[in-house]
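S.K.: Residue-level listing of the chains:
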Amino acid sequence: MKCTVNGQPQEIDDVWEGESLLYALRERMGLPGSKNACEQGECGSCTVYLDGTPVCACLVAAGQAADRDVVTVEGLAEDDELHPVQQAFLDAGAVQCGFCTPGLLVATHDLLEREPQPSDPEIREALAGNLCRCTGYEKILDAVRQAAATSAQSKAGPS
Amino acid sequence: MAMEFLRPATWDEALAAKAEHPGALPISGGTDVMVEINFDATRPEYLLDLTRIEELTDWSADGERLRIGAGVTYTSLIADLADRLPGLAMASRTVGSPQIRNRGTVAGNLGSASPAGDAHPPLLADDAVVEAHSARGVRHIPITEFYTGVKRNALEPDELIAAVLVPPADGPQQFAKIGTRNAMVISVTAFGLALHPSTGTVGAAFGSAAPTPRRATKAEQFLAAELTESGRWDSRAELDPAAVTRFGALVAEAATPIDDVRGTADYRTHALSVMARRTLVWAWTDYRRKRVRTCA
Ligand SMILES: Cc1cc2nc3c(=O)[nH]c(=O)nc-3n(C[C@H](O)[C@H](O)[C@H](O)COP(=O)(O)OP(=O)(O)OC[C@H]3O[C@@H](n4cnc5c(N)ncnc54)[C@H](O)[C@@H]3O)c2cc1C
Ligand code: FES
Ligand code: FES
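Protein sequence lines, in the order shown, are assigned to chains A and B. All residue numbers in the first sequence are consecutive under my numbering, ending with 159. All residue numbers in the second sequence are consecutive under my numbering, ending with 1296.
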């Protein structure tokens, strides 16, 4: 099966196309960033972009991703620099065990692409499919607000 | 047993594959199918991927009805059709999470035919038609004939859903769903209402309160007659509270719910009567307000 993952062409053999994209990413392509917690679309920790749309990788058949473009949490940072969304999660203390974090980062990244200055209800709605057992979500909301503020600043140019 | 993954590039190829392998399991958004596969609940010999077929993701105006292709996701339905199909859009907004709505389709909801599927009440209330195709030809299945049992539908083994045909709203529509929290819930019960002033009729249907999604026919007839005989379709006068109560009771009477982990039968019946009354009042308020706007 061939597809593009984080800009790199990938070709994997021996994949059963009915297994999940999540399994293919983690076990066959060596990209364990996307987490496997529920395998039933409930937790969002496996969220990846498929052709630019955030989806649960556990609910995409590997064969459905063939010839398509996948971006995982590993593809958010540029070179050695964390993406502002990642930095904001660290700074805000939104990461405890970190299991939910990769999915939240992709979901937040997508939200800010669509809506650079989201309201709190918009943030809650956008992250409704991502469960976190540790943080109680307040720190996560802080992180999203912070990431929105940082990107607004950097868009306004250096002062 | 090995499973084979079929990836037809065109609709004709898909129909040919389904004719050749009637046991093949279609997969669209995968939000039901993959859960079953991940948990080994199903091991089909063939998976038939429909996501390569571009034309399925289109919707169009088809005469009197909107034709929603089988690949249209909840997210695009909400973005593109909320003005013309408000009831279905409201139901779509309650499905799962953004990630689920980005993949899940109304056709997949129909394929699963779960009594709890949220698209069903609005489709029933709005007289939808399922457009089924096979290598043998095209069949239009009225939505009231589509649900044949618990998670069973009227599709023949060689048929695929090409589209759902739904008339655009000619009056107010509402949808209500009871679950245990706001996001990501399978309904305890759900109710859809569509008022059709142009024909003087009413559509009212519920989910999760009978083996299949179901219309509350007596409640529909009662309310339509009440609105017609009292001249309210034209006068848009406030509803008679006794009629609202009766409507709720008749909706509840149509249900034959069971006790399960999500709720008891009694609770479901009660909740249905409450949702029916509430959505009727919302819809009627909407109808009255529209007149004020057009007269002003
Ligand atoms: C976390 C989570 C939350 C959910 N929440 C809700 C909810 O709130 N409300 C709700 O109603 N559902 C919910 N669901 C269930 C599911 O998302 C819906 O039923 C959805 O509509 C399925 O669409 P799909 O395209 O993903 O279907 P798939 O999983 O691809 O298919 C579902 C069924 O339909 C068949 N099928 C698909 N396309 C066709 C076709 N063109 N022709 C014939 N058969 C076809 C398949 O063979 C299969 O039997 C949820 C699921 C998950 C994982
Ligand atoms: S592992 Fe995919 S949503 Fe939980
Ligand atoms: S930080 Fe542990 S689940 Fe979110």
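Hints are supplied without guarantee of correctness; some may be wrong.
A few chain B residues that face chain A, going by a derived Cβ cut-off under 10 Å, partial list only [claimed, not checked]: (1) F1039; (2) P1044; (3) E1054; (4) T1199; (5) G1200; (6) T1212; (7) R1215.
Because the hints were derived from the structure by calculation, they are not lab data. Given the structure is predicted, the values throughout are model-derived calculations rather than measurements. By construction, the Cβ of each residue, glycine as well, lies at the ideal position given by its N, Cα and C atoms.
S.K.: For each hint given before, does the structure comply? Return the numbers of the non-compliant ones in rising order.
M.R.: Going through the list in order, the structure violates hints 3, 4, 5, 6 and 7 and respects the others.
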